[in-house]
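A.B. asks: One letter stands for each residue in the lines below.
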Amino acid sequence: MSAIHAHLKKLGITLPKAAAPVANYVPFVRTGGLLVVSGQIAFGPDGLMKGRLGLTMDIATGQQAARLCALNLIAQANVALDGDLDKITQVVRLGGFVNATADFEDIPHVINGASDLMVEVFGDKGRHARAAVACPNLPLGSAVEIDAMFEVK
Amino acid sequence: MSAIHAHLKKLGITLPKAAAPVANYVPFVRTGGLLVVSGQIAFGPDGLMKGRLGLTMDIATGQQAARLCALNLIAQANVALDGDLDKITQVVRLGGFVNATADFEDIPHVINGASDLMVEVFGDKGRHARAAVACPNLPLGSAVEIDAMFEVK
Amino acid sequence: MSAIHAHLKKLGITLPKAAAPVANYVPFVRTGGLLVVSGQIAFGPDGLMKGRLGLTMDIATGQQAARLCALNLIAQANVALDGDLDKITQVVRLGGFVNATADFEDIPHVINGASDLMVEVFGDKGRHARAAVACPNLPLGSAVEIDAMFEVK
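Protein chains in written order, with our numbering: chain A, 1 to 153; chain B, 1001 to 1153; chain C, 2001 to 2153.
To be clear, the hints were calculated from the coordinates, so they are not data collected in a lab.
C-beta atoms are modelled at their ideal positions from N, C-alpha and C, and glycine is treated no differently.
Among the hints, erroneous ones may be present.
As the list claims (entries may be wrong) - Interface residues of chain A toward chain C, partial, derived using beta-carbon atoms under 8 Å:
| no. | residue |
| --- | --- |
| 1 | V92 |
| 2 | R93 |
| 3 | A134 |
As the list claims (entries may be wrong) - A few chain B residues that face chain A, going by a derived Cβ cut-off under 10 Å, partial list only:
| no. | residue |
| --- | --- |
| 4 | G1032 |
| 5 | D1116 |
| 6 | G1126 |
| 7 | P1136 |
Full structure from sequences and hints, please.
C.D. replies: Now the structure itself:
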């Protein structure tokens, strides 16, 4: 078992099943030392967390949605790396999109739900660059979407 | 003639003229084995496809707009690679932005118009990671904007 | 003093203080020959330039906001490179996000405020690929957010 998988177990985190591609794109592409993972939405054990910040969802719930996106990103990376998450040497970048009204400004706090998980799981290797913006909507009405770039060995 | 150009001919696809830069940015930058192409909007033979999904444009038309963006991305790559599209070893990532109302959720279906074209043209090398989100508007009112990262040799 | 710092002095440009991280993400990550810098908002000497294009801010002011984002990106790169901006061999990509209403189409002109600064500071090495889109809002209500990727030696 990889050190990261052992750490996930200790944290009580079970990775979700990586979603299969449903179109002519793929969940991840590796190029050189980079693993580029497609935008993941907030699918979790109870289905998709739909909602709009500033209207139908509060910040704490939005952070849970962002955390689910991050778990799905790690699940995809796990498939890409044949189950060896220790091959991740750095989380390079997260691109965070929040389904929000024009009145909602606390976009960074929502995406922190994903950033915090990355550091919880990967430690200092989980500290990443990121962008965080609002969108009028996201695929299937998801509250959050996040894509990622990992440095891998 | 490169194999991809021969395949484009067989598909009956004529690449559009790559749009010239109109400001202090450029259509593409190559760094190491990556070719980064600027966001392309839905310019086609009949001008720009303007519109908003969920309000003034249906999904099938939006997919055509996404396809135009993808054609423009390939046209830029063709210039960057001096006409040899066989140098593309992998379409790494598409970033898809759909001009849409807050009610519109079928964002992935629209961007599929671009993803499908990449696989039509490049085969398995065309299968890419992607993110797809909605925006309240896009440059000049374009219905879709897509940027790309290619792996090149 | 690096050549770029001498040029900044000649231009009369003082780099802002790079903003410290306020969460589990970091201002930049270096991977291989790439420096990935987190999205910067329009903090300037008079605080944050808040506003929405098409509603409370005109294009010229939006360009100033974009310029501030670019200055903050360069300030972060300066920290990442231990004060030697000559290590930047190419500005690879800017991702530009404009806080705008659905009626506002002049998104590229706003982001030109950042693109122009990059060329003013770095010359031809400053010519970058970019994407530019609108968002219903941005962190803390900033008028513009821009993230960046630099090629570094």
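A.B. asks: Could you run down the list of hints and mark each one as holding or not?
C.D. replies: Hint by hint, here is what the structure shows:
no. : hint  : result
1   : V92   : 5 Å, holds
2   : R93   : 5 Å, holds
3   : A134  : 4 Å, holds
4   : G1032 : 7 Å, holds
5   : D1116 : 5 Å, holds
6   : G1126 : 7 Å, holds
7   : P1136 : 5 Å, holds
The structure shown violates none of the earlier numbered hints.
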